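If you read the protein sequences in the order shown, they are chains Y and B. Following the numbering used here, the numbering of the first sequence begins with 350 at its first residue and continues without gaps. Following the numbering used here, the numbering of the second sequence begins with 350 at its first residue and continues without gaps.
It should be emphasised that the hints constitute simulated quantities derived from the structure, not laboratory data. These numbers come from a predicted model, not from an experiment. For glycine and all other residues, C-beta sits at the position ideal for the given N, C-alpha and C. This list has only true hints and no planted wrong ones.
No farther apart than 27 Å at their CA atoms in a straight line, the calculated lysine-lysine pairs in the DSSO-like style are these:
hint: 1; chain 1: Y; residue 1: Lys-920; chain 2: B; residue 2: Lys-930
hint: 2; chain 1: B; residue 1: Lys-920; chain 2: Y; residue 2: Lys-857
hint: 3; chain 1: B; residue 1: Lys-495; chain 2: Y; residue 2: Lys-609
hint: 4; chain 1: Y; residue 1: Lys-920; chain 2: B; residue 2: Lys-857
hint: 5; chain 1: B; residue 1: Lys-847; chain 2: Y; residue 2: Lys-920
hint: 6; chain 1: B; residue 1: Lys-424; chain 2: Y; residue 2: Lys-801
With beta-carbon atoms standing in for the labels, derived distance ranges:
hint: 7; chain 1: Y; residue 1: Gly-537; chain 2: B; residue 2: Gly-381; range: 54 to 64 Å
hint: 8; chain 1: B; residue 1: Asn-904; chain 2: Y; residue 2: Pro-743; range: 53 to 63 Å
hint: 9; chain 1: B; residue 1: Gly-613; chain 2: Y; residue 2: Pro-620; range: 45 to 55 Å
hint: 10; chain 1: Y; residue 1: Ala-858; chain 2: B; residue 2: Thr-450; range: 28 to 38 Å
hint: 11; chain 1: Y; residue 1: Asn-660; chain 2: B; residue 2: Glu-924; range: 47 to 57 Å
hint: 12; chain 1: B; residue 1: His-926; chain 2: Y; residue 2: Ser-696; range: 40 to 50 Å
hint: 13; chain 1: B; residue 1: Thr-450; chain 2: Y; residue 2: Arg-761; range: 54 to 64 Å
hint: 14; chain 1: Y; residue 1: Asn-904; chain 2: B; residue 2: Gly-813; range: 45 to 55 Å
hint: 15; chain 1: B; residue 1: Glu-924; chain 2: Y; residue 2: Arg-577; range: 13 to 23 Å
hint: 16; chain 1: B; residue 1: Glu-592; chain 2: Y; residue 2: Ala-365; range: 22 to 32 Å
hint: 17; chain 1: B; residue 1: Gly-613; chain 2: Y; residue 2: Ala-858; range: 46 to 56 Å
Protein chains: 2
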Amino acid sequence: MYRSHNCGALNASHIATEVTLAGWVQKSRDKGFMIWVDLRDRYGITQLIFDSERTDTAVFEMAKTLGREFVIQVKGTVIERESKNKNMATGDIEILVSELTILNVALTPPFTIEDETDGGEDIRMKYRYLDIRRNPVKNSLLFRHKVAMEVRKYLSDLDFCEVETPYLIKSTPEGARDFVVPSRMNEGQFYALPQSPQTFKQLLMVGGMDKYFQIVKCFRDEDLRADRQPEFTQIDCEMAFVEQEDILNVFEGLTRHLLKEIKGIEVDKFPRITYDYAMKTYGNDKPDIRFGMEFGELNEVAQHKEFSVFNTAELVVGIAAPGCASYTRKEIDNLIDWVKRPQIGASGMVYAKYELDGTIKSSVDKFYDQEDLLNWAKVTGAKPGDLILVLSGPAHKTRTQLSALRMEVATRLGLRNPEVFAPLWVVDFPLLEFDEESGRYHAMHHPFTSPKPEDIALLETEPGKVRANAYDMVLNGNEIGGGSIRIHDKATQQLMFKYLGFTEEEAKAQFGFLMDAFQFGAPPHGGLAFGLDRLVAILGGQETIRDFIAFPKNNSGRDVMIDAPSVIDDKQLEELHIRLK
Amino acid sequence: MYRSHNCGALNASHIATEVTLAGWVQKSRDKGFMIWVDLRDRYGITQLIFDSERTDTAVFEMAKTLGREFVIQVKGTVIERESKNKNMATGDIEILVSELTILNVALTPPFTIEDETDGGEDIRMKYRYLDIRRNPVKNSLLFRHKVAMEVRKYLSDLDFCEVETPYLIKSTPEGARDFVVPSRMNEGQFYALPQSPQTFKQLLMVGGMDKYFQIVKCFRDEDLRADRQPEFTQIDCEMAFVEQEDILNVFEGLTRHLLKEIKGIEVDKFPRITYDYAMKTYGNDKPDIRFGMEFGELNEVAQHKEFSVFNTAELVVGIAAPGCASYTRKEIDNLIDWVKRPQIGASGMVYAKYELDGTIKSSVDKFYDQEDLLNWAKVTGAKPGDLILVLSGPAHKTRTQLSALRMEVATRLGLRNPEVFAPLWVVDFPLLEFDEESGRYHAMHHPFTSPKPEDIALLETEPGKVRANAYDMVLNGNEIGGGSIRIHDKATQQLMFKYLGFTEEEAKAQFGFLMDAFQFGAPPHGGLAFGLDRLVAILGGQETIRDFIAFPKNNSGRDVMIDAPSVIDDKQLEELHIRLK
Chain Y
350 MYRSHNCGAL
360 NASHIATEVT
370 LAGWVQKSRD
380 KGFMIWVDLR
390 DRYGITQLIF
400 DSERTDTAVF
410 EMAKTLGREF
420 VIQVKGTVIE
430 RESKNKNMAT
440 GDIEILVSEL
450 TILNVALTPP
460 FTIEDETDGG
470 EDIRMKYRYL
480 DIRRNPVKNS
490 LLFRHKVAME
500 VRKYLSDLDF
510 CEVETPYLIK
520 STPEGARDFV
530 VPSRMNEGQF
540 YALPQSPQTF
550 KQLLMVGGMD
560 KYFQIVKCFR
570 DEDLRADRQP
580 EFTQIDCEMA
590 FVEQEDILNV
600 FEGLTRHLLK
610 EIKGIEVDKF
620 PRITYDYAMK
630 TYGNDKPDIR
640 FGMEFGELNE
650 VAQHKEFSVF
660 NTAELVVGIA
670 APGCASYTRK
680 EIDNLIDWVK
690 RPQIGASGMV
700 YAKYELDGTI
710 KSSVDKFYDQ
720 EDLLNWAKVT
730 GAKPGDLILV
740 LSGPAHKTRT
750 QLSALRMEVA
760 TRLGLRNPEV
770 FAPLWVVDFP
780 LLEFDEESGR
790 YHAMHHPFTS
800 PKPEDIALLE
810 TEPGKVRANA
820 YDMVLNGNEI
830 GGGSIRIHDK
840 ATQQLMFKYL
850 GFTEEEAKAQ
860 FGFLMDAFQF
870 GAPPHGGLAF
880 GLDRLVAILG
890 GQETIRDFIA
900 FPKNNSGRDV
910 MIDAPSVIDD
920 KQLEELHIRL
930 K
Chain B
350 MYRSHNCGAL
360 NASHIATEVT
370 LAGWVQKSRD
380 KGFMIWVDLR
390 DRYGITQLIF
400 DSERTDTAVF
410 EMAKTLGREF
420 VIQVKGTVIE
430 RESKNKNMAT
440 GDIEILVSEL
450 TILNVALTPP
460 FTIEDETDGG
470 EDIRMKYRYL
480 DIRRNPVKNS
490 LLFRHKVAME
500 VRKYLSDLDF
510 CEVETPYLIK
520 STPEGARDFV
530 VPSRMNEGQF
540 YALPQSPQTF
550 KQLLMVGGMD
560 KYFQIVKCFR
570 DEDLRADRQP
580 EFTQIDCEMA
590 FVEQEDILNV
600 FEGLTRHLLK
610 EIKGIEVDKF
620 PRITYDYAMK
630 TYGNDKPDIR
640 FGMEFGELNE
650 VAQHKEFSVF
660 NTAELVVGIA
670 APGCASYTRK
680 EIDNLIDWVK
690 RPQIGASGMV
700 YAKYELDGTI
710 KSSVDKFYDQ
720 EDLLNWAKVT
730 GAKPGDLILV
740 LSGPAHKTRT
750 QLSALRMEVA
760 TRLGLRNPEV
770 FAPLWVVDFP
780 LLEFDEESGR
790 YHAMHHPFTS
800 PKPEDIALLE
810 TEPGKVRANA
820 YDMVLNGNEI
830 GGGSIRIHDK
840 ATQQLMFKYL
850 GFTEEEAKAQ
860 FGFLMDAFQF
870 GAPPHGGLAF
880 GLDRLVAILG
890 GQETIRDFIA
900 FPKNNSGRDV
910 MIDAPSVIDD
920 KQLEELHIRL
930 K
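Here chain Y stands alone, though its shape is the one from the complex (with noise of 0.2 Å):
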């Protein structure tokens, strides 16, 4: 071993112990007669002096050529420190050093290995084994560890059991586009790499094997989105005799315990909300309600008051902004601007002032009076004090509108505080949706999805109407869980592929094996699956899960520091029987 004890493991009460360190250079300070070193390791950092009326002479000189993140090991002797830092678990003492070897040099990095680094996103993730020395970075992928330790703990407590499903299965066209692998020893033939495991959980339940869990690698070759990453890495799970109220019970618990254990923080018993409810309310099927500003729809209080805008609008519907009544001319057109933009796309925005003393100021008082006002006030909840916004246009995009607009409002009010927790449940989600695209219905959580028993009626006649025993987990306004209730008899999954527009040759061709295995007893289930590196972002109050992912691909899908994808040769795509086109 080459050294005693870590970087971080030294106070008081080793004074006068001898001591043999190994790590980085962090830094050092040559006055002359005196060397410090700041030596650094995943613990912690511990300050060496060389004094050169202490130190032999030739260890002295040797400190003078240390360069920055050199790899060294020292002997030395704790003794206290002259100046304390408080700060430092190791503040109190520093190590006079009696030996030194240099273990390996360094070349200067080409970023500071630093909190706050000056090393920008290329170059930081072209030499990531850098940026993984730096606390920021290491610490992120500490706590996730951590993180998905008590994940597993928490569900094997609780009998549930973590089973390895394979990597090289098969590809179906469905849903997102998969990754592929040609077969050398099939040809012609590729196996998928899975989007998901679910499939495989649900056989586990006609298995047997009753509770399931894993934490597992999916992969999706779709073009990525800011944040997104082509692998990611779910908790996936499935229980079997259960109804959606137990499903939903295990994973609140679950959640509950990591913020408890991980964060120190007790949450109260998880807000349900429909789907319908979350639309209407926040436009948003994630809403973040750490923060209120609830939607108001204006239409009964606002519509036939000459005011044409509003007047040939399918919805107008406003929010509360707290305290903004104080807003500014120049604040407002700020956000009139905002909601302009390109990305967001309204045409406008009509807003009112509710003041201190109760009067209510408008950018529309020629068409509205104060009672007209004040009954926007009153839809909206909006308070003396508050900024009322309103936009008006066709119901959906301008939910979604608005939605984006209290995100904005609440961030410029700093009310989107990443140390606090407002966890929800979504459910009733619609079985389909309608794709513009495809002229289709498509299932909008997957195709295994039970519809409720009660709206089966409806997929003859209004297939958008049906709703699923589906549910989402939001956390502070982002979805970190989904799952829902399967199918589980032969004929309704057949009905369903039907509805989703797959023959039957091809509902066989790919999932014939799972209505196969239905047809042998399977029992109710039903699951759910965790983005796990979206939770551990948000749980370590960050917006992006960069940080958590060791080895990153940037958004053409490229590991920079090892030049991945590559070319491979010709030999090997002749073994796997295919060709470049």
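For this one, chain Y is given, so just place chain B on it according to the hints.
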């Protein structure tokens, strides 16, 4: 929830309780006026009773229709059984059923769902979800989970951090074949699936993570020998600032912990033997030391005695089969036939019976007298009652043959008890091995293994004699883990690639990122990887890994249940910029 208790939970303390159970019909016995049903779930079996006098007629009639593997829910009262079954946790009670719901019917399963099944390997694989209902498979998966949890707990408690490394990496022609994944976004380029996270774990050490582990899937597109899988699971570990001794201690500790926690077995400190000693003493670098029969080299005592077979042989080597002096001529001929089979390839076998009266009777009595043969006994460690078995020929080949014979004799003698555990370390592996086919040296472990410093000079002169800081953990004749101290400086790594026949360009193209990383302050580091599938199987007392994998592939790399790999459509090929040959 479909149940108040599971099928393993109820006992005499629950008598008179109203309960709801759900599960599968294991079997039913219809005695006309009385029907008994064994209801099964993951947790156990509970006996249900339907009684024509006490049960509602409609329920009773429905009970008559229940077939094997039907999924049912029952309500009823826990009552005391008349004839108790002491072998079952629930054997004191039964449920007098008042309500019965058939949750799902079942076709007759293609094989019996019992501990001893009538299903062959192929049919069990096709209906793996039914096979998993059987206790031997179900319990193997639960056992695997338990082992994996203990591994994570042990390493985590020692400050190891589990870090997820990427699955979409870069193809490297070295070693086994990669599975590759065509990139849609990077035309003509391919990812590879990792054969191991080797370079990433080394980069994590360069990144200061200090102690890393991961339970991770790895992939090798090799022709599948019996009991190998194209995707397999490793417990992958790496540590910085350590020497070989530290690594051996940590992972010996892990293995002792598993044996104790999982099997309740305490083992002594593991023996450590060198590779050379293992080859000389057991003819094998993964010796089974649950039994003796160490090799005795007989050249000195058996050559130059007029027996030309021995005189012309490079090596004459024997073992003493304990207690086998009583073998009949037929039993011995059977062993001779066994070593002469083409799989073993010996041209013959000499034997000598060390009788209980102290005399020795050999198959070569005309060349050797009692004194000679007593010397054989001394060298092989034979005692009166033992049978000395001797092979001769070229050294390496003969050792391999005798190793196989040693294992066969041990099997016949019942010395390979799966509930006895004899772990050991084999150390000082050669760095390189000569490959006849390519006419050059290959890395025995992998190209990142460090040579022993004292042997580096031999690289130029006798590369085959250079020893590595490489070690295997062996358990009951299986290599269950292996690792090494790594190279951590660019110059040595470059030298190694040179000796392995890489051009400078090839080395840079494939592993440039690693050599770059070594320039920025790489610490000394090393590690090891366990094969989890094999480790779990051995701990579970089984010879084959297949039942410890939920959804294994067959010897052609196919998943016969889901029928993968399979063809993909032309549009997919088009998008991936490839076509079939």
